[in-house]
Amino acid sequence: MKTGKCWQEVLTASMKQLFLFLMPENDADPRGWRRAIWMLLGWFFLIQTLTGLVMWMFYSPSTHTAWESVFYLQHEIPMGWWIRGIHYWAAECMVVASLLLLTLYISSIGSAASNHRSYLRALWITGIILALAITGYLLPWDQHGFWSAKIRTHIMGLTPVIGSGLERLMLGGTELGHYTLTRFFALHAGWLPILLWLGLRMGRSPTPRAKGLKDSMETENGFLWGAQSWRCGVAIVMGSLCVGILAWQPWAGDLEGALRGAPLSAPVNAAEPYPAARPEWYFLFLYQFLKYFPGPLEVVGAIFIPNLILLWLVFLPMWGKSRIGRRVNQTILAFLCLGVCLLSMLAIHEDQQNTSYLRARKEADGEASRARELAASLNGIPQSGALTLLLEDSQTQGPKLFAEHCSSCHRYDRHDGRGLPVEEAPSASDLAGFASRTWLRKFLSPDHILTPAFFGHTSFKDGEMATFTTETIASFDTQERQQLEEVIHILSAEARLPAQKHLETSDAAWRSVDRDALFYEVGCTECHGFHFEDEDLDAPDLTGYGSREWLIEFISNPSSERFYGEQNDRMPAYLEEGILNQEQISLIVDWLRGQ
Amino acid sequence: MHQPLTSRRSFATALLYLAAPLGIMASIAWSCLKALLWPLSSKSKSTKGIFFKVTQLKNLPLDGLPKRFEIRSDRRDAWNLYTNQAVGSVWISRKGSTEVSAWSTSCPHAGCMVQLASNHNHFQCPCHNSRFEINGKRMGPQNPSPRDMDRLEVEIREEEEVWVRFERFKSGISQKQLVSQS
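Protein chains in written order, with our numbering: chain V, 1 to 595; chain B, 1 to 182.
Please keep in mind that the hints were generated in silico from the structure rather than gathered at the bench.
Honestly, I wouldn't trust all of these hints.
What the hints assert, rightly or not - As a list, the in silico DSS-like pairs of lysine-lysine whose alpha-carbon atoms are at most 30 Å apart:
hint	chain 1	residue 1	chain 2	residue 2
1	B	137	B	34
2	B	95	V	400
3	V	461	B	137
4	V	400	B	53
5	V	291	B	137
6	B	67	V	400
7	B	67	V	291
8	V	362	B	67
The following block holds chain B by itself, in its conformation from the complex (with noise of 0.2 Å):
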């Protein structure tokens, strides 16, 4: 009679001082990791840009010299946030009287932010000097850039209105892939 009771106590005396030790750390680890992880599961809201208003037709040079234009707009940081943010830039060029091309300034080889060179007539990364046409395309065989500027989508409304879709592209790889917005 004594033996099972014995057996049992010490059983459930095991199970005790190991399992629920173990099991309450296990939670815990798990809870844990569940709040590192979580950059990793707001992965889903991977989403094409919105169109911003940039400026309008008429401040764009006929000759085709790309200008910098901000994109403003409210900027979520963890818990703030900020409205009305510079949140990046664009260059927009026109050529003719409509024909208006938009390109990030996000270097696609780092992500550092592509320049117009001081002579006007290419574009240059300051890192690493990935060298661009005033087109966007690459200059040289020996350019650090994975692929071309990346080409924004643009919209003229109104007549006069430029509006571009604005967008992030994952830099260093060859193919133009959307990176969400947080």
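Next up, chain V with everything else stripped away, as it sits in the complex (with noise of 0.2 Å):
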């Protein structure tokens, strides 16, 4: 018994000393929400300078070890993804608190329980609050994070006369580079914090004296029993709660797949558009607002508007003691709440109606998973960063490649690469699956030939190859059948398609055929090449048909001798031309052969 109770005294009085800890104890108010939410506040300063302490340990500020960094925390470290989840999710959850206390005491002010300098001091830790998170959101140097800095540092440099010192300032140099990262990691791990704490902290006074604490929260049965203390619990295990929750995200499903904690896309690359830049959801009321300001007026909604609103929040208590001041604050308020909620909601209700936005959304995270999954399968990122990765990647750049520079005639699975459909009918072949035995048995088809996917838009929808298919090969008997199938299987072979590999090595049969002959009696080499050099042969070459090596080189000049020479369409010579550098072509060869 004497134990239990020991337990008891030593629970209470450690918790105790935690509320005082976290409580600003000299306000005025010492109960009531407001009080609870401020405790709620240095709650989540504790955990987020606890979480931020270890993140240091882990992370460095420059443009190609930042993303590199992070990404190593979040899935080579134990529990970093966690540790980064709680952060991240506490950050948010911080934002909201503020806010919520800001409108508590707006709401308030007249009032008998409202108080002058802590509302100031509200909003002191809000601005910095909100500072915090924007420094926060470009450490990672990821895209998301590096389109918001960049347009909120743009914003910026429209403020009227010191706008773009600021700006400069801010990015340390004229654009966002390794400066802008040290600066804004000097601002939000050192700082930034020091003037939230003291913001925190400053209407403390040196002795605790608590009398109004005490009051509401020590009761004859104790001091866990008080209101105060319950509504303090309440805010802090609520609060706990929420950014546990979202941090696991237990509805992500495996940890392999998704990613949890905290989100983070593809590193940067400032030399491609990325459309799918939006602000984070606090925020978008500000980025719908400022569709309204077109052109020159810009400056009127993004510098002077949110600054009237400023003075307005600074200066609301001198006439918010008379009643019709604080009226006027509180129609002010509701407004404001109002005009917030409606312009969030209309910039999401916008956005899910804008496809094009959607589709970049899409693509935006594909390439951010792609990120992760290629770090995540090398023995190391190299030195260069993770963006060569994704440079280098013929999966990512194959489609972006293909969609600029091939897209205006050929298509691939009826799309332009990326996936979008293309209004003009297509003027060449459509090359997914191009050489493999599906794609040949179409292409040798009399039904197919002539079809837009293949030559029915081309100039050889005249020439011999879609005369022999439309003709001889409609009028073949079974057995001449069979002969083309073996045909198309070892012209296929040539490719060498990673994904009919297996297809290649079980069904062994045609290796045995004398292929020679085969393709003299079926009619093909009458015209093609195949595996035999002949100069007065002017169809492309099968040698080779489709493989790594064939490609490249008829992309890089199909009017060549060995592929259409005078006969060429209308393809240009990408290598000879300039049009294309070697990788390019490499890229978009090995992406259409699925390599």
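The task is to assemble the complex, starting from two chains supplied on their own in separate frames and drawing on the hints.
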């Protein structure tokens, strides 16, 4: 029995110490939910300091180590994703809590329970918390953070007179780079937390008098049974629970596939557009608001009006004591809250309707998970950074290059390579599955060769290949059809497609066939070369047809003697004419071949 | 005799204990400010951009359809020098045989990258939906962009090489104001 009592006493005493530590005591409102939120903010500050200091031990702020070190923390360090997740979501919760606190204060200004000084402190810490969130978003140096920071510093630069100087100071130069990261990091992990701590502590008296606190917390039943203790406990438990659930993401499925904890988009690529750029949810209203200020008016929406609101926030207690003043403040507050909600909802609604944004979002998510997949597959990211992994990845770059350079004539599975439909009809063959058995079977069928997916809209539609298919192949008997099928197997094997490897090793029947005789009998070698050279033949050489080497050489110059020669339709010599370089062609080819 | 000495001493003591630390702190603070405000002092390097060879005339379609080309150059970021990097890109279109126009891909509104709309008949910015005609002119009255797309100087050299003077301009204002390269 004695130990039980002792336990209780220790628990009560330590809880009391914690509450006293978290609580700014000297303020006039010792009870109520505002007090509980203050305490919650103190609690979150403790959590952020702890997780932040731990993450600091893993983080390296430079443009080609930031994403990489965050990735390593997230994927390799035990519980790294969890620590990062807590830090990320506690930050979001701090934003919510501080905004809630501010609203509670404004709506009570002028009433007996109001306190001017602690309201100003709430305003102060709300500003610091937002600044912490903004600086924190850039630190992983991922696409999302980069483009948000870029737009924000741009908006800052719109400020009259001091704007461009301010922008330079924030960026540490004219563009986002190493110095932007080092600055943001120093602000995020050093200067701002100090300012926040001062904001949380400033109301405290040096000696813990806390009369009001004792009154509200200590009843005859003991410290933990007071109504205020209960409120504080509820706030802390609920807040922590929110953070825990959001970071754990029980709905995200297995840990391997999904990125739990906090999001991490693809490493920064400033040279390419990032149409998926959007601000965080609590700035969506501002983003939407700016849409209504076209052209040179932007500065009004981005600088003047927000600063006016800020001025109102700072000075509203001055007239808040009078009845009319209080009404005015409450009306403005109601309008602001309504406006913010409405604008945020509008922003979300408009994005949901915007198909090109939704697609960009999907593509950005795809690139993010591909970057993580590539980084995880290697035994270490190369020194040049994770971006080079993406830039040298055919699965990422192939579709983009195809869409930009090939899709005005060709299609890939009826789209432009990136999954977008193209309005105009194709004027060259569909290259999805090029040189595979299925593709060749269709190509060599009288029903398909003249469709737009093959020669339908090319100058070859009246050529010998088309005639051969629509007339000769159309009249094949069963045995000749069998031979054609063997030709398809042999020709397709030239491509050595990764997807067909299992087929080619399993059915080895065609290997024993005399392929020269077969190709002659079917009629291919009348026009095409196949493992022999003959200068009189003007159709493309079928030796190594569809292989990596064959395709690269073809794209480099389709008009060369080996391929179409003078019969080339409209396809440019991509390498010879300097449209693409060797690496870019290889990326397209590897992607087409599914490598 | 004692009195002045004491007061002189106490003056010296006061100097030592007050002025010296203040002076030291002030000089340190001055040095710190000097370092922190350094990005402001490197402002004077506002020069015109240089010409880059971007492509060849025959790679530009005759129907005026704009094509995007990357500008590759050495790029300095704080302590690092990156050689042959994509530092930006330009839209180039050709009308007739040699009439070539070039625009910066950076949106004059907020600096996002302007793209060609999927129907290929106008430019569009993905961030705030600025829209421009194919000749870079702003479309519609509710356009977020304060000015037309930034036209860049083009030179045709050796009868077929397309050279573009690559420059950046401050976004968000109606005048075309050069941003210095760092």
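Hints that the structure is at odds with (numbers, increasing): 1, 3
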